[in-house]
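Using the hints, put the two chains back together into the complex; each one sits in its own frame.
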Amino acid sequence: MRRRLFFILPMLVLLALMGFFWRGLYLNPTIVSSPLIGKPVPDFSLSRLHNPKETFDQNQLKGQISLVNVWATWCVACRDEQQTLLVFSKQNVVPIYGLDYKDDRQSALQWLAERGNPYAAVAFDPIGNVAINWGVYGAPETFLIDVRGIIRYKYIGPITPAVIRNDLLPRIQALRREGT
Amino acid sequence: MRTWLLIGACLLLMVTRVAWAIDSEPPFSDPVMEHRYEHLLQEIRCLQCMDENIANSDAPLAADFRRQIHAMVAEGRSEQQIRQYMVNRYGDFVLYNPPLQASTWLLWTGPFLLLGIAILVVILVVRQRARMDEGREI
Numbered sequence: 001m002r003r004r005l006f007f008i009l010p011m012l013v014l015l016a017l018m019g020f021f022w023r024g025l026y027l028n029p030t031i032v033s034s035p036l037i038g039k040p041v042p043d044f045s046l047s048r049l050h051n052p053k054e055t056f057d058q059n060q061l062k063g064q065i066s067l068v069n070v071w072a073t074w075c076v077a078c079r080d081e082q083q084t085l086l087v088f089s090k091q092n093v094v095p096i097y098g099l100d101y102k103d104d105r106q107s108a109l110q111w112l113a114e115r116g117n118p119y120a121a122v123a124f125d126p127i128g129n130v131a132i133n134w135g136v137y138g139a140p141e142t143f144l145i146d147v148r149g150i151i152r153y154k155y156i157g158p159i160t161p162a163v164i165r166n167d168l169l170p171r172i173q174a175l176r177r178e179g180t
Numbered sequence: 001m002r003t004w005l006l007i008g009a010c011l012l013l014m015v016t017r018v019a020w021a022i023d024s025e026p027p028f029s030d031p032v033m034e035h036r037y038e039h040l041l042q043e044i045r046c047l048q049c050m051d052e053n054i055a056n057s058d059a060p061l062a063a064d065f066r067r068q069i070h071a072m073v074a075e076g077r078s079e080q081q082i083r084q085y086m087v088n089r090y091g092d093f094v095l096y097n098p099p100l101q102a103s104t105w106l107l108w109t110g111p112f113l114l115l116g117i118a119i120l121v122v123i124l125v126v127r128q129r130a131r132m133d134e135g136r137e138i
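First to last, the protein sequences are chains A and B. Oh and the first sequence: position 8 is 8 in my numbering, straight run, nothing missing. Oh and the second sequence: position 95 is 95 in my numbering, straight run, nothing missing.
So that you can see chain B by itself, here it is in the shape it has in the complex (with noise of 0.2 Å):
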């Protein structure tokens, strides 16, 4: 019981870290805004830490981050715009879903091809053994 009651806690005390993350602007009042906000921290990656994206991520080049893109949405501007802009500044790697371009379609394909190949090892396996098998029935 008592495991679970800090369980529990640790759980609570992760949801309340991210939103005191997040907070540091106030919310917007025009729901699509707030959701192209909150869709863009997601997507933007924390270059300081790299393995996080800026809504979870407490450096301050985060906040500086969510601060501008705050800015940029509080103008207007849309989320592909938005997007541009940190990519035009920092790179591809800004974003936490790489482009599918020509330097990233192995990236993209490697895994389905792997995963091809292996289908097809596994077919001729079976064949081969399933041919043998018929062999010493005769």
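Only chain A is shown next, with the shape it has when bound in the complex (with noise of 0.2 Å):
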């Protein structure tokens, strides 16, 4: 009885450590799930990347479901992303707003200017410093708020249109239905 378990006891145990390499090969490294969901959006005042004399806050983000989408015009990723986001902008879903990370003000008007513009409006953060208020640590990350201006989900990395079918449209009618 003692010898059986002699060779079950280690079997068991690479078993064990086989089942999480297993799931570890199938696990993005990359994307680290947020803390700040469930939380509401963190206070921060920016100016507009269109009027910069205008400022943009976080009451702007109260009152009705909306995305947070943070981009820049040096993100690869962004320049695709904006193809779907335009189409979902013409959809009349939800608002999106843009937070124009760690960017220069003019490249990023150009950038609007000559490939169409999917925001309701455009947080400009030149410094980067409300991006990591946000827990933002890269580009793009798009977040979807509700209408207490609470942060509910948080997708890292480009948008496509199966994103938006599978993650983000159920997540908003789920809201919808909340009726929160």
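Treat the hints as calculated values from the structure; they're not laboratory data. Among these hints, one or two may not hold up.
[Said to hold, decoys possible] Which residues of chain A face chain B? A few of them, derived with a C-beta cut under 10 Å, are:
#1 ARG3
#2 THR30
#3 VAL32
#4 SER33
#5 PRO40
#6 PRO42
#7 LEU46
#8 ALA131
#9 VAL136
#10 TYR137
#11 GLY138
#12 TYR155
#13 GLY157
Owing to the predicted nature of the structure, the values given are computational and were not obtained by experimental measurement. Heads up, the beta-carbon is just placed ideally off N, CA and C, and yes, glycines get one too.
Right under this line is the structure:
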């Protein structure tokens, strides 16, 4: 009996380890889940990209379901994403707000003028301090904000039509049903 | 001789490179603050490069983290407060040393558990062999 345990125990340990490693193969280590989900949007105040004299703050994100998309002209993945966002913005499902992250105002304005502007408004964060407050560690990142201004979901990486279909729309509809 | 010089030069370069990364902010005149700042740079992970702390990383995000932490140290916040600030926004993963809690106990105790099992197995094997040897003598 004890002899058999000798063989079984290391085997079990090995199997358990293999289970962890197997799972690890399919995890994406570059996606770090945000502790801010379920918390109110952090307080901030930034100048708007198009109108530097006006500010954009957390109060603008209350009263409706919205998306906040972190982007920049230096971000290559944002290029493809922008086309998807343009199509989505025309469907008028929810307003999309932009957070222009560590960017140059002139190139950002030019980029939107040339490629089209999917954003209801763009907050301009040239230093990236507000982005740190939001737990941003790259671009693109997209936050789903509910009516009370609470972060409900965060998508890391470029938005594609499939992401809208499978990740964003079902959550937006669930928030609508929630009615809060 | 030449190889040694080359190796020495490379090592020197490595040292200066780290110094460049840190020197983006002016040093604190207060040694306590300076120590707090340096210590936090070692402890906070650069999430853009994953396997580097922000003291050693050249990534723009690491520079932003350093600037943010420098400002918070200058405000007089404690090390614990600053660590909590980062964890509240980026989660435990932002710390190089994960905290001991319900979800990480296996991570901390796992190696010792495995070592314990291994020692147990060795003891049992040795005992059994000893018993077999005794049997042969009789």
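Quick rundown of the hints versus the structure:
1. Among the interface hints, the one on A/ARG3 holds; its C-beta lies about 8 Å from the nearest C-beta in chain B, closer than the 10 Å criterion.
2. For A/THR30, the shortest C-beta to C-beta distance to chain B is roughly 7 Å, which falls under 10 Å, so the interface hint holds.
3. At a threshold of 10 Å, the smallest CB-CB gap from A/VAL32 to chain B is about 5 Å, leaving the interface hint in force.
4. The closest approach between the C-beta of A/SER33 and any C-beta of chain B is roughly 7 Å, which is under the 10 Å cut-off, so the hint is satisfied.
5. Annotation: interface hint on A/PRO40 violated; nearest CB of chain B at approximately 12 Å, more than 10 Å.
6. For A/PRO42, the suggested interface contact is upheld, since its CB lies about 8 Å from the closest CB of chain B, less than 10 Å.
7. Interface hint status for A/LEU46: violated, as the beta-carbon distance to the closest one in chain B is roughly 15 Å, over 10 Å.
8. Annotation: interface hint on A/ALA131 holds; nearest CB of chain B at approximately 8 Å, less than 10 Å.
9. With a least beta-carbon distance of about 9 Å to chain B, the hint placing A/VAL136 at the interface is held under the 10 Å criterion.
10. Of the supplied interface hints, the one on A/TYR137 holds, with its beta-carbon coming within about 4 Å of a beta-carbon of chain B, less than 10 Å.
11. Taken as an interface hint, A/GLY138 checks out: its beta carbon lies about 6 Å from the nearest beta carbon of chain B, inside 10 Å.
12. Given the 10 Å rule on beta carbons, the hint for A/TYR155 is violated: about 16 Å separates it from the nearest Cβ of chain B.
13. A hinted interface residue such as A/GLY157 counts as satisfied when its beta carbon comes closer than 10 Å to some beta carbon of chain B; here the least separation is about 14 Å, so the hint is violated.
In the structure shown, a violation is registered for the earlier hints numbered 5, 7, 12 and 13, in ascending order.
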